[in-house]
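The primary structure of each chain is shown beneath.
2 protein chains.
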Amino acid sequence: MTGGYLKGRIRREDILAAAVTVYGEVGYHGSSLREIAKRAGITHAGLLYHFPNKESLLAAVLERRDALDAAREQLQARPGLEVLRRYLALAEHNVGNPGIVDLYSRLAAEAVAEDHPAHEYFVRHYRMARAGVLESFRAMADSGELREGVDPEVAALTFIALMDGLQVQWLTTPDEVDLVGSLEFYLRSLLTVGL
Amino acid sequence: MTGGYLKGRIRREDILAAAVTVYGEVGYHGSSLREIAKRAGITHAGLLYHFPNKESLLAAVLERRDALDAAREQLQARPGLEVLRRYLALAEHNVGNPGIVDLYSRLAAEAVAEDHPAHEYFVRHYRMARAGVLESFRAMADSGELREGVDPEVAALTFIALMDGLQVQWLTTPDEVDLVGSLEFYLRSLLTVGL
Numbered sequence: 001m002t003g004g005y006l007k008g009r010i011r012r013e014d015i016l017a018a019a020v021t022v023y024g025e026v027g028y029h030g031s032s033l034r035e036i037a038k039r040a041g042i043t044h045a046g047l048l049y050h051f052p053n054k055e056s057l058l059a060a061v062l063e064r065r066d067a068l069d070a071a072r073e074q075l076q077a078r079p080g081l082e083v084l085r086r087y088l089a090l091a092e093h094n095v096g097n098p099g100i101v102d103l104y105s106r107l108a109a110e111a112v113a114e115d116h117p118a119h120e121y122f123v124r125h126y127r128m129a130r131a132g133v134l135e136s137f138r139a140m141a142d143s144g145e146l147r148e149g150v151d152p153e154v155a156a157l158t159f160i161a162l163m164d165g166l167q168v169q170w171l172t173t174p175d176e177v178d179l180v181g182s183l184e185f186y187l188r189s190l191l192t193v194g195l
Numbered sequence: 001m002t003g004g005y006l007k008g009r010i011r012r013e014d015i016l017a018a019a020v021t022v023y024g025e026v027g028y029h030g031s032s033l034r035e036i037a038k039r040a041g042i043t044h045a046g047l048l049y050h051f052p053n054k055e056s057l058l059a060a061v062l063e064r065r066d067a068l069d070a071a072r073e074q075l076q077a078r079p080g081l082e083v084l085r086r087y088l089a090l091a092e093h094n095v096g097n098p099g100i101v102d103l104y105s106r107l108a109a110e111a112v113a114e115d116h117p118a119h120e121y122f123v124r125h126y127r128m129a130r131a132g133v134l135e136s137f138r139a140m141a142d143s144g145e146l147r148e149g150v151d152p153e154v155a156a157l158t159f160i161a162l163m164d165g166l167q168v169q170w171l172t173t174p175d176e177v178d179l180v181g182s183l184e185f186y187l188r189s190l191l192t193v194g195l
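Sequences listed follow chains A and B, in order. For the first sequence, the UniProt record's numbering begins at 1 and goes up steadily by one. For the second sequence, the UniProt record's numbering begins at 1 and goes up steadily by one.
Take these hints with a grain of salt, some might be off.
Restraint-style ranges between C-beta atoms, simulated for each label pair [unchecked claim]:
hint: 1; chain 1: A; residue 1: L195; chain 2: B; residue 2: S32; range: 47 to 55 angstroms
hint: 2; chain 1: B; residue 1: R147; chain 2: A; residue 2: A131; range: 23 to 31 angstroms
hint: 3; chain 1: B; residue 1: V95; chain 2: A; residue 2: A45; range: 28 to 36 angstroms
hint: 4; chain 1: A; residue 1: E114; chain 2: B; residue 2: Y49; range: 21 to 29 angstroms
Everything labelled a hint here was simulated from the structure, so no lab data went into it. Note that the structure is a prediction, hence the values are computed from the model and not measured. Yeah, the Cβ is synthetic: ideal placement off N, Cα and C, and Gly gets one too.
Put together the whole structure using the sequences plus the hints.
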């Protein structure tokens with residue numbers, strides 16, 4: 001790793017941290033690249049060197065969040081029930097962090113178009129999220145812990161989709177949606193063993 | 001119904017139809033109230049009289065779509081398995097109409113804040129959607145068609161959330177998501193009878 005490369009990484013990290021702060025304070029439409037640059041102690045042009053637009057910066061914020069989530073919840077554990085439990089812990093963590101859930105939901109809905117700067121991030125994110133639980137559903141199918149007839153691929157796809165769909169409904173009417181309980185219910189309907 | 005009231009209703013209907021057309025042609029960010037007014041054959045000020053901003057117009061577009069969906073798929077049938085089958089038919093219809101699904105997903109993610117002009121629409125929409133399937137899950141619980149231990153309320157909430165979450169993933173990677181098949185899979189996991 002060269003000194004210049006390392007410096008660039010640190011700078012990038014400062015910008016992402018500043019983006020999270022500004023977004024948390026003023027929300028999606030209020031956050032400007034100018035304000036984020038100011039907080040990161042960098043010029044507007046300097047920020048544009050790292051991120052050409054707001055969408056690519058926000059996609060990088062979400063990519064960093066994925067890495068932090070995976071490390072904190074240890075999502076890379078040995079495939080099986082324990083991994084699914086850790087996804088429930090991630091949902092529990094999300095309940096305490098509505099700001100980043102809001103950013104994720106908005107950017108996901110905006111980025112469905114192929115030419116959106118965050119599109120590639122979401123294609124990758126969905127594939128990785130599905131693959132992350134797929135291995136566990138497969139392991140559980142092999143050990144008889146998955147109900148007969150449950151296809152691990154469809155179980156993985158629907159589990160991730162359900163998390164996403166519940167989040168928007170929960171952000172809209174927090175008192176009417178039990179985010180973690182609903183996911184637990186869903187997992188129970190697929191498994192032959194308790195959580 | 002007075003003549004003036006009727007004329008206002010027709011005008012409103014023209015505007016909503018024009019909004020659907022313009023949105024279909026140029027997408028979310030491209031659609032302007034000015035262009036929609038032009039297509040509806042009304043002045044910009046005339047349009048603002050009916051809808052003070054773009055978000056309230058788009059919420060009205062979605063409200064109209066809910067009514068059209070309910071009529072076309074006959075979602076108000078006698079509670080039970082048949083109603084759930086009609087929701088699958090609605091998902092099938094959505095597969096052929098990605099534009100309105102895109103509008104729905106974006107506005108839903110934007111409107112989580114209480115002060116958003118479309119917030120009240122989504123609070124109402126989610127409640128109605130959940131209530132619409134809840135009665136059917138309850139009827140099926142009574143007749144033993146719901147698996148033991150499945151709470152109809154949670155089944156209703158998760159069914160609607162899964163539809164929403166699948167739609168965004170499907171719009172992002174259409175080749176990787178079977179919208180209707182995934183919902184069928186989910187229903188099968190809750191029921192003791194076939195679809």
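Structure-based check of each hint:
no.	hint	verdict
1	A:L195 x B:S32: 47 to 55 angstroms	holds, 50 angstroms
2	B:R147 x A:A131: 23 to 31 angstroms	holds, 29 angstroms
3	B:V95 x A:A45: 28 to 36 angstroms	violated, 45 angstroms
4	A:E114 x B:Y49: 21 to 29 angstroms	violated, 38 angstroms
Taken one by one, the earlier hints fail for this structure at numbers 3 and 4, listed in ascending order.
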